[in-house]
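On the provided structure of chain A, position chain B as indicated by the hints.
Chains as they are written, first to last, in the working numbering: chain A, 269 to 916; chain B, 3 to 400.
Check the hints yourself; a few may be wrong.
Unchecked claim - Restraint ranges, calculated between C-beta atoms of paired labels, are given here: (1) A:Pro423 / B:Ala208: 54 to 64 Å; (2) B:Gly274 / A:Tyr369: 33 to 43 Å; (3) B:Val179 / A:Val412: 47 to 57 Å; (4) A:Ser309 / B:Ala77: 32 to 42 Å; (5) B:Ala212 / A:Pro423: 53 to 63 Å; (6) A:Ala301 / B:Ala211: 16 to 26 Å; (7) A:Pro283 / B:Ala72: 41 to 51 Å; (8) B:Gly277 / A:Gln409: 35 to 45 Å; (9) A:Pro423 / B:Val26: 50 to 60 Å; (10) B:Ala227 / A:Pro283: 44 to 54 Å.
Honestly, the hints are just simulated from the structure, not real lab data.
The beta carbon of each residue, even a glycine, is placed where N, CA and C say it ideally should be.
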Amino acid sequence: MPGDARVEEPYRLTPQLALRIAILGTVVLGAFAILFLRLWSLQVLAGPKYLHAAQNNQLRTVRVQAPRGAIVDRDGDVLVGTTAGYSVQLWPADLPTEGRYQLLRRLSARLGVPVGWMAKQIAKRKNDPLTPVVVKRGIHQDQVRYLYERQAEFPGVRVAQSYLREYPNQALAAHVLGHVGEASKRQLERNPRLAPGDEVGQGGIEAVYDEVLRGRAGGARLRVDSLGRPRSDIVLSDQPHAGYALRLTIDTDLQRAAEQALRFGIAAAHRNKQWYANGGTIVALDPRNGQVLAMASNPTYKPSVYVGRKDAKKLLPLLSEKHARAENFPAVNRAIQGVYAPGSTFKPVTALAAMEQHLIGPYDPLPCTPTYIRYKQPFNNWDPYRNEPMTLATALARSCDTYFYELGYRFYKLPPEYGHPLQDWAARMGFGQRTGIDVGTEESGLLPTPEWRRARYRGKDFSELDRIWKPGYSIQMAIGQGELQVTPMQMTRFYALLANGGKLVTPHLVLQAEQPGDNGAPAIVRQTFTPPAPKPTGIDPAALRVVQQGMLLATHYPLGTAAGVFDSFPVAIAGKTGTAEKWSHEHRRLLDQAWWCGYGPFDNPEIAVCAVIENGGHGGDAAAPAALKVFEEYFGRRGGPIAQTESD
Amino acid sequence: MIAVNYAATRAPDSRARAAAGAGVLGLLRRLDWILLAALAAVVAYGLWAISGITRYAIPGDSDYFVLRQAVFVTAGVAGLVGALLVDPALYRRYKRPIYLGTTGLMLLVILVAGATRGSRRWIDVGFFQFQPSEFGKLFFVLALAGFLADRGKRVTDSRTVFEAVGLGFVPILLVFVQPDFGTALVYAAALAAVLFVACARWLHLAVLAAVAVVGAAAILWFLPAAGIQVLKPYQADRLTAFADPGRDPGGTTYNVNQSITAVGAGGLRGRGVDGATQTNLAYLPEHATDFAFASLAEQRGFAGVGILLCLYLLVLWRGIRIVSVARDAFCAIVAGAIVFALLFQIFVNVGMTMGIAPITGIPLPFVSVGGSSMISNLLAMGVLQAIHARGRGNARRS
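Pulled out of the complex, with its shape left as it was, chain A reads as follows (with noise of 0.2 Å):
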């Protein structure tokens, strides 16, 4: 029945399915051919390869940080010191998908710290899963038990044991130590050593000498699973290297002394009714070789704001503009960081300097009136009722204006060809340029030349009057007014200057890089920092002689201006109030900026102070006796009670 399909042939193999079944059974055999081939080239010819690549796989690398240097002063007595404390660390790989937020929410109520910063963190970290979110730094002992105990409801979050710095003298010398920090991302971008998340100094000592301090982070090795979640131990691969500790200049006990005495000539200011005092820095320096032994700013802070669990409030007055301003700028260290007018206390420059181009020998007589009066224009004397003349020792003791405006005047008469030597011998003890001080970043101050000026009045916006050096400009700065600005760090190198007999020292704050020894063995110095040797400025001695006894005068002879608050001190202690004025834009007003500098003792120098009160009144008011404050500790001696003396 051809054609009914339905209705077989009985069925044998034919040639064409036998060939067909054939061709399978080839494929088959192929097939597995391929498999044996590449199976025998993966795993017994390139195994070793493979293997290799599957352990490595497993091993990664963390970084184990290193503890950081202690910093100490010239004693050895600790200013910042490292203490292992407890930190929070959220793996992004351990957290669970499912309740995450919660678990963040519930982590959040604990610590304090905002799901919402966490939650970008931790998208931060997608592609490094085994580089933990640092959610909190030194937790409390209380959290910690807390975290531990309840280990299985925090998936993810982990206690980590890490270093924290520790200032066993709250807020003393926070503007030289400065404070530490994560590091930025510029910081990490220019230094090839650093991680993310490493901490580095962010100001002061901990800035500058940051690579001492640092030491060298180790690595530890760990196995993981293919999502980032650690699988074993940490095994120590490479040691971590403590970083050295720094050894001060500065003497704690001084530096203590200095930041008190600020605080009093504050108070002192505000009993003598300025009541706008309210800031103000204090220098002292050894002026045989420029070691800075107390470096005070007032208003500061405490840097263990920074440590741990940071407080946003404690850190919006150094960290924003709005809040600095209504705290006044504790963040700025005003020793190097401030600018003032110098008043009174750059008249000893004016003296040497008008000695040094013969325009006055010092022993001739100006006359000293209420009133110095060029091209009809008057300028006033701070003390209206002297009328007689002078020798440049009285003048600067009595500080008399009117002297200094006629050797300003006679500045400003000399013949071009001679240029503008005020300036030039100013610049030559240290002003209108950084000292070199080995902390933090420096202002360089503001020495006006009639060059200067040109430039600053350039444009359309002023006319040809703004831009000549006019003689009030010369007389002005004799007495250290006008545009004139100085740090409290140069003055006090000048005060360094004037004491150690004409040269300019360089200012430093580390001694030493120092390795501590194991359990008690003395410490291993391992780098001295030496400042560049004191600089000779080539002033005559003689002239020197006479500015140096016009400032003992100061203190010492009855109508000196400092001679109450000095005379009865056990010390030959010689200096210089100053007065400056400066408009307050705040105020409305002309302000008088507090100055005293001065040295001791007299025969043999071993301590320069600085001392100034911003918004303080007269130098001799508010400055003169915090300074006292200083030399009290420094020498161990105390001064008889401070008479009220006039001063400018």
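Chain B alone, transformed into the frame defined by chain A:
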């Protein structure tokens, strides 16, 4: 005589039942015992492999997957015995309900199954997730074989070939849109095998092969270039990634690179269960299912997977032999398609773990964890045994 046979199966009366009873004993004697032994060895070896691969999968319950798998094996063996008892001619007779049922089930999957891993392959039935496309493979082959066997010599007509391809295309498309690209490929391979063993003309086969090549090229390159995405991007990436394993090692080729590393790291003797870090630390993805072979290769080495491949070879050899002893064209086609589909799955799965085949998500027969795959493959082996038991060589002997 054929008519008598048909009558016997069509209307089972008491006489036929007696014959069937005698037949059970007869069947046992006429089984392919070598195939059965090889199969038992593969299944046992697979269980042993899974016990190593999944030892650390669930902390504290190292035997979870093996016990589950053993349950599936038991069910599969029951299925095998059941399939053995059924005369294959029955499938041929009910090819239409089989075909419609299979197609309908796949439609059902698409309609009701919950979304799992972005695809809808499963119907959740409590104890395990029933995956109709796995079982469909067998029914698909049975229905198509029935269709072609009925056409007899007209199989050489291009119209018959065209109809067969059209019939096959519907379930392939349904599986493809689930989406289960790998299983769709297995279906296509089975369709090709059915036509091949049914002795379609070489010319037709060549045309079909050409169409397949052009189609694949269109799906992978031309249509996407024209803005039409047939495959989901991850599917296309996986398919083309194996040709260039160095590309994007963190992304598309991550799986295949980790898999090659696992296979290679196994070496000659393997790293053992505890030392197999690629598996234990989960660098190797899906190591209990799709990448079970790589995991086994890492743990047991060349020696271990070599044994498995040899056992597979033995099974395939006996399968091919059954094609040649089949009673009729239908049985030959079914046996041929089952054998070829099995080969295809083994080759693509094993090849994928070694970077010589695209990653398609085809499980490794008798080894990969999964009930549907295990049971359906054992069922297919049961059909193979049934064909052997009723085959010509045995008929002569009896």
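Here is how each hint holds up against the structure:
no. : hint                            : result
1   : A:Pro423 / B:Ala208: 54 to 64 Å : holds, 60 Å
2   : B:Gly274 / A:Tyr369: 33 to 43 Å : holds, 41 Å
3   : B:Val179 / A:Val412: 47 to 57 Å : holds, 56 Å
4   : A:Ser309 / B:Ala77: 32 to 42 Å  : holds, 39 Å
5   : B:Ala212 / A:Pro423: 53 to 63 Å : holds, 56 Å
6   : A:Ala301 / B:Ala211: 16 to 26 Å : holds, 22 Å
7   : A:Pro283 / B:Ala72: 41 to 51 Å  : holds, 45 Å
8   : B:Gly277 / A:Gln409: 35 to 45 Å : holds, 42 Å
9   : A:Pro423 / B:Val26: 50 to 60 Å  : holds, 58 Å
10  : B:Ala227 / A:Pro283: 44 to 54 Å : holds, 46 Å
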